[in-house]
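Turn these sequences into a full structure, and let the hints guide you.
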Amino acid sequence: MTAITLDSISRDYGSGLYGVRDVSLTIDEGEFMVLLGPSGCGKSTTLRMIAGLEEITAGRIRIGARDVTELPPRDRNVAVVFQSYALYPHMSVRENMRFGMKMRGTPVAEQDRRIAEAASILGLEPYLDRKPGALSGGQRQRVALGRAMVREPDVFLMDEPLSNLDAKLRGEMRQELVKLHRRLGKTMVFVTHDHVEAMTMGDRICIMRDGHIEQVGPPLEVYANPANTFVAQFLASPAMNLIPASLAGDATRLTLKAGPISGDLPPAQAALYTKAAQEPAILGLRAEDVLSEPTASTLPVAGKVIVREALGAENLIGIETAEGIALSARTGRDFLPAFGDQVTLHADMARMHLFRASDGKAWSRQG
Amino acid sequence: MTRPVLSHLGLILACLVVLLPILWVLRTSLVPEHASYAKEIFPSITLDNYQALFADKNFGRNYLNSLIVAVLSVVLTMPLAAMTGYAFARFRTGGRLARFATLASQMLPPVALALPVFMLYRVTGLTNSLTGIVLVYSAINLPFLTWILMGFFESIPEDLEGAAMTDGATRWGAFWRVVLPVAAPGIMAAAVLGFILSWNEFLFALILGGSKTATVPVALAALQTSNGVQISQVSAGVSLAILPLLIAVRFIQKYLVQGLSFGSVK
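If you're matching them up, the sequences are chains A and B in order.
Residue 250 in the working numbering sits at position 250 of the first sequence, with consecutive numbering throughout.
Every number in the working numbering is 1000 more than the matching position in the second sequence, counting from 1.
Careful, some of the hints might be misleading.
Stated by the list, open to error - Here are some chain B residues the structure puts well away from chain A; computed CB gaps all over 10 angstroms:
| # | residue |
| --- | --- |
| 1 | Ile1022 |
| 2 | Trp1024 |
| 3 | Pro1043 |
| 4 | Leu1067 |
| 5 | Ala1087 |
| 6 | Arg1092 |
| 7 | Pro1110 |
| 8 | Thr1127 |
| 9 | Leu1160 |
| 10 | Met1165 |
| 11 | Val1182 |
| 12 | Asn1200 |
Unchecked claim - Short, incomplete list of chain A residues facing chain B, as computed with Cβ under 10 angstroms:
| # | residue |
| --- | --- |
| 13 | Glu309 |
| 14 | Gly340 |
| 15 | Val343 |
It is worth saying that the hints were derived from the structure and are not from the lab.
Source: prediction; values computed, not measured.
Where is the CB? At the ideal position from N, CA and C, for every residue including glycine.
Here it is, written out as structure tokens:
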């Protein structure tokens, strides 16, 4: 039983400065949990608190049935893969892997067996006697993983382990890590600021900002129902289009006015957002929900093309409306206007998001 | 074409400025006293000056004294400097004040400490003993070496200790098994610097020591007598005194240049 429970944990640096503030989260046994957020949001601090490398100034942490809050890192039976890999430079790959087992008194024969097994899984056999300095970035990354694996820890903690790799290798390692998680079945906590990693790897993602949790849930669910404008913007590239909006009418006919976009909402959305008619709101539209062709549920929006990125499989088009509002659209590869062209795009209101202007919270989650 | 020639000429000139005095000392140590200021480079070559130094002036004893105090003070200082430097680097022990005090101690002219130390030593009976000189050298070198090692420990990524501690090591274990080996080049360099400082020290050796404990700098100064300076013997002594420093500098080069931490991160 190696679920991780964070119970109102805080890291107070003094003078009102918090790394993490009152964070509560349960990570299930065998789950791949991704902590996602921008720099300084407290995700790495949270991970280091679980590892015991950062002081916990309030709250409790449990790993399985054990309260580990006061335990030193060595007694928590967790393995950390650092962003910098933190390989011991004076030891060979084999010695790097052996170190943790030696510290824990694993019999030498067992050490050898585990090193051989991990090296075979990670393709490290030819490099076992090399020092880290003689390895490429990808190989070092594998050694760091191997060093964690051979320990057979209860929990794997990974602090942006892919961020130093080039794009191609990162993609490969992403898949390798997911495979490894399936094979080992261990609880893994993975810290990243890359939403693609979060979306593709996590069983659940936990989005953090300014030391607290903004939203937790399965990736697709969070993507489909962001709790607030921060999550909505952070979990996609290009970020979700946000436009100040107001609504008028009732459940039978709800009219939206958001800058250049105005018109009646489809019945389902009208029913959902009736309450929002009372106060200022923010309309959210993902780039893929701004279409090049109209449908029954779209409202038109015209503007001048200011961004034009042909990505091969799709195009990213950015327009600026007469009101000075910028809007990005992910379109099919056949729709590729020139810079400066006047075009009319179509916002799919059936897929719209609506947030409260005062605090940025999603109206769909207002209960 | 002209630029390399010019820059080489400049470099040769700079080398000569540094090397000529040393070469002159070496040359003078190998010629008889009466020929030391002669115009010829080598009017005659002799090892008499070296022989006289060892036979008449008991220079062997001085050399041994210097080696003992330099080596022992380094052996005594290094573990303390390493641990203090690590504490400063990682835990901010003592805060800014401790760091400032460490640096400030280096700004004090040594002569300001000489008298108080002498009074202390007279009371405790440490004057005229190698132990006394070793202790005072250790005390003088400790802040300096702490400062150097602190900088070195600060350059070692903290994640290395984090990795060692999650791997099962205690804080001490991480320091001993991971940080120290990684910091080895810095520690070697600091040790060599400490050795050089102690080897060259004159003031405390003169004030706190006696004839039995005279180190090489004190013995060389003693060759300046009322009958004049025995320049050839001084040169022979200086040539011998430079020897360990040359070896030490070779070490510094080797250890300072290579950064062992390469490859541990990124």
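So, going through the hints one by one against the coordinates:
| no. | hint | in the structure |
| --- | --- | --- |
| 1 | Ile1022 | holds (37 angstroms) |
| 2 | Trp1024 | holds (44 angstroms) |
| 3 | Pro1043 | holds (55 angstroms) |
| 4 | Leu1067 | holds (30 angstroms) |
| 5 | Ala1087 | holds (17 angstroms) |
| 6 | Arg1092 | holds (13 angstroms) |
| 7 | Pro1110 | holds (37 angstroms) |
| 8 | Thr1127 | holds (44 angstroms) |
| 9 | Leu1160 | violated (5 angstroms) |
| 10 | Met1165 | violated (4 angstroms) |
| 11 | Val1182 | violated (6 angstroms) |
| 12 | Asn1200 | holds (32 angstroms) |
| 13 | Glu309 | violated (30 angstroms) |
| 14 | Gly340 | violated (43 angstroms) |
| 15 | Val343 | violated (45 angstroms) |
Consistency with the previously given hints fails for numbers 9, 10, 11, 13, 14, 15, ordered from lowest to highest.
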